[in-house]
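Sequences and hints are given; from them, build the entire structure.
There are 2 protein chains.
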Amino acid sequence: MSDDLKLSRRAVLAGSAAAAAGTLATQARAEGDPLITEVQEWASGLGEGVDATPYGLPIEFEADVVRRNVPWLTADPISSINFTPIHALDGTITPQGCAFERHHSGAIELRKEDYRLMINGLGVSPLVFTYADLERFPRENHVYFCECAANTGMEWAGAQLNGAQFTHGMIHNMEYTGIPLRTLLNEAGYDGATEGRWVYVEGADASSNGRSIPMEKALDDVLVAFKANGEALRKEHGYPVRLVVPGWEGNMWIKWLRRIEVTDAAVESREETSKYTDTLADGTSRKWTWVMDAKSVVTSPSPQAPITHGPGPLVITGMAWSGHGRITRVDVSKDGGITWETARLGRTQGDTKALTRFYLDTEWDGSEMLLQSRAMDETGYVQPTKAQLREVRGLNSVYHNNCIQTWHVNTDGSAENVEVS
Amino acid sequence: MSDDLKLSRRAVLAGSAAAAAGTLATQARAEGDPLITEVQEWASGLGEGVDATPYGLPIEFEADVVRRNVPWLTADPISSINFTPIHALDGTITPQGCAFERHHSGAIELRKEDYRLMINGLGVSPLVFTYADLERFPRENHVYFCECAANTGMEWAGAQLNGAQFTHGMIHNMEYTGIPLRTLLNEAGYDGATEGRWVYVEGADASSNGRSIPMEKALDDVLVAFKANGEALRKEHGYPVRLVVPGWEGNMWIKWLRRIEVTDAAVESREETSKYTDTLADGTSRKWTWVMDAKSVVTSPSPQAPITHGPGPLVITGMAWSGHGRITRVDVSKDGGITWETARLGRTQGDTKALTRFYLDTEWDGSEMLLQSRAMDETGYVQPTKAQLREVRGLNSVYHNNCIQTWHVNTDGSAENVEVS
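Protein sequence lines, in the order shown, are assigned to chains G and V. Residue 1 is where the first sequence starts when you use full-length UniProt numbering, and the numbers rise one by one after that. Residue 1 is where the second sequence starts when you use full-length UniProt numbering, and the numbers rise one by one after that.
What the hints contain is simulated information worked out from the structure, not anything from laboratory work. Hints should not be assumed to be uniformly reliable.
As the list claims (entries may be wrong) - Stretch by stretch, here's where chain G covers chain V in the computed footprint (C-beta under 8 Å, at least three residues):
| # | stretch |
| --- | --- |
| 1 | 274 to 281 |
| 2 | 365 to 377 |
Unchecked claim - If you want the ones that stay clear, here's a sample from chain V, every Cβ over 12 Å from chain G, calculated:
| # | residue |
| --- | --- |
| 3 | 158 |
| 4 | 176 |
| 5 | 263 |
| 6 | 267 |
| 7 | 268 |
| 8 | 329 |
| 9 | 335 |
| 10 | 392 |
Yeah, the Cβ is synthetic: ideal placement off N, Cα and C, and Gly gets one too.
Below, the structure is given as structure tokens:
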């Protein structure tokens, strides 16, 4: 075996400036490091028994990996938006405990026993389902991302929030178990031969958050869901039942789902007129901008996840998603979009409208970087630059900003949110 | 639209004895049910803000969906086994918070800063990795099940534990992020041209729980993992780093992974001789029984998840898995294995050595059932009956019981653990 060969990468790990010394340092640790040579307290006795946490929480050392809000972002009497700590996560699944929240009148407590779901409207017999009724219908499992339409909204006006959690953290990705909405519409007698071309969906909270969904989507992949990542939905995600509208903006994923009305036209509710429409440069608005276009972000390194080592091997990672289907490719740039390298995609076993993890296993030379990622989806769509997006959409909107994000990485490994022209 | 058509299933939902009345009851609720007709307290004001739970827990109404132990099962000074509440879960992902624990000297607290992983032995240069070092190697994401070899072990002697959580709950299924072990072995210079044919792996806890793994497996799909379901491993699952040995018994998935030694032969440690070998009827033992064979269990209905409604539509669900690869088919019997119906499989997007959810959407006629499920995997292997397994393996073992499980469902919907001859 060649010593040169076997030491090559290890040497680089210790820093490009002193390869040989680095190698020795790594090997010497075993001799001089008390964490290796001495019996530690944790190897000397009994640790904690299984009674300690019937339902467990993260270890105390991970106490910073939590949802966080930005107080000035919402003027509500109680804070109504927080953000997933995406800078500290890896893989694709978002644990419910740190999956972002967005409430329009707070998170309510609703017992399964008190839960009712009404279906009424055009061409259907009015029906009311209890939670126990819902458990008797055939159900499915799917992994989908849920992204707030306002995710990255502050970036329209410039680089204001210094962290991937805050610029891109209004997203989560879970395995949902639920009943296809078409099953319940069929149960109520909907047969397609009526004037019912939309459904209006609302929640049991004070805001009700009513939204109109075209019947074509309602009959396609919308789920009436009651489990996420295997267990019951959390209170803050709509316990006991929420709507899952794959690939479409999170505001339509009605929590504490109370009613589904078949209508002949869109209701034009508050949540789809004064809110969740996109105001353009000339003051007019785009509406029915439901689909979340392809988007990606580098989560590490990023302002909250700086590089903590010297030059040498560096894993650049992030996530990509598209409301139109599968992510087919992600490119990464270290120079603000001048040159690009194609990243390696993680698990891609067929989930559509779900987060895709990407990795660029690279060598960092220790110099500054302008890190970007650029997603492509199965429709051929390519994630736009911020300049391209502003040219079409102006600066007046807070919704549907899917532009390429830039992190400026300094020579000391720290990073900040910047714009490149 | 035909009223007969549109009411057919709804009618059945209300019970086969009074279809028309049942339909009316479902429809009348909208008129007479204050939960529908009156504005409820939770729709009248503000719910909880997002500051309430930076890291969330399940809602209080789900307080029974927790890990539970069986005090008489372990004689340790602290309880060392608990069980995943599989009867209450759906889909495939197991949340870390309720994923079973098995400790040999308790769960220890080990900071990332104090973490060291040594690789040494035949044909490698001794190396020590810090946690920060590990973060610089290319990593992968995979969903795998982890099952304790003793799962279902009490069933060898008969139907002793009345609940799927206790008979089959020493299993969980998570999305792991980690580095292929082969990457780290290569880093240490292992090139295959040595007498190193095994690795001996051990943890940082007092038990150290050392196990021998053939090099062929070590170079195949074993991961040195640091994330599960997107976030850091929990303390009780080996924070900050554990071994993931896909499809093989959980005891080999070393937690708090401390050392990997390349050896010429198996170490024949305590954990692979006096424990984790299978004692046969004649007193001799099978050893190196690493792979978890194909297995399944109905999780609902089951003793802890009784049927709470009358005759009519019933969803029978459960999970199946195989250490040899993919589940290709699951059959369900209602009559103790005399007749079988093929179940519908949930997500099957390519994950191998992972849990597969199955559903049988059926009609319950209200009579007693002897519910069973039978899994088949891509090798053609069929899950055996308890009698078949006992014939080959006797009654002396506690390990590797993958027999078909039977639940006796009574006319009132309650269920209990039974054996059928």
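Interface-negative label, residue 335 of chain V against chain G, beta-carbon threshold 12 Å = holds, 22 Å
Assertion that residue 176 of chain V lies farther than 12 Å from chain G (Cβ) | violated, 7 Å
How does the coverage statement for the stretch 274 to 281 of chain V fare against chain G, requiring three or more residues with Cβ below 8 Å from a Cβ of that chain?
-> It is violated: at least three residues are needed, and the stretch 274 to 281 of chain V offers just 0 whose Cβ sits closer than 8 Å to chain G.
Checking the smallest CB distance to chain G, is residue 267 of chain V really beyond 12 Å?
-> Given a closest Cβ separation of 18 Å, the condition holds.
Verify that the Cβ of residue 392 of chain V lies farther than 12 Å from every Cβ atom of chain G, and report whether the claim holds or is violated.
-> holds, 32 Å
Outside-interface status for residue 263 of chain V - nearest CB in chain G farther than 12 Å | holds, 17 Å
Regarding the assertion that residue 158 of chain V does not contact chain G, is the least Cβ-Cβ distance greater than 12 Å?
-> holds, 25 Å
Report holds if the minimum CB distance from residue 268 of chain V to chain G is greater than 12 Å, and violated otherwise.
-> holds, 22 Å
Establish whether the coverage given for the stretch 365 to 377 of chain V by chain G is satisfied; the threshold is a Cβ-Cβ distance below 8 Å, and no fewer than three residues must meet it.
-> Answer violated; 0 residues pass the 8 Å Cβ test.
Residue 329 of chain V and chain G, when compared Cβ to Cβ, separated by more than 12 Å = holds, 17 Å
The structure shown violates the earlier hints numbered 1, 2, 4.
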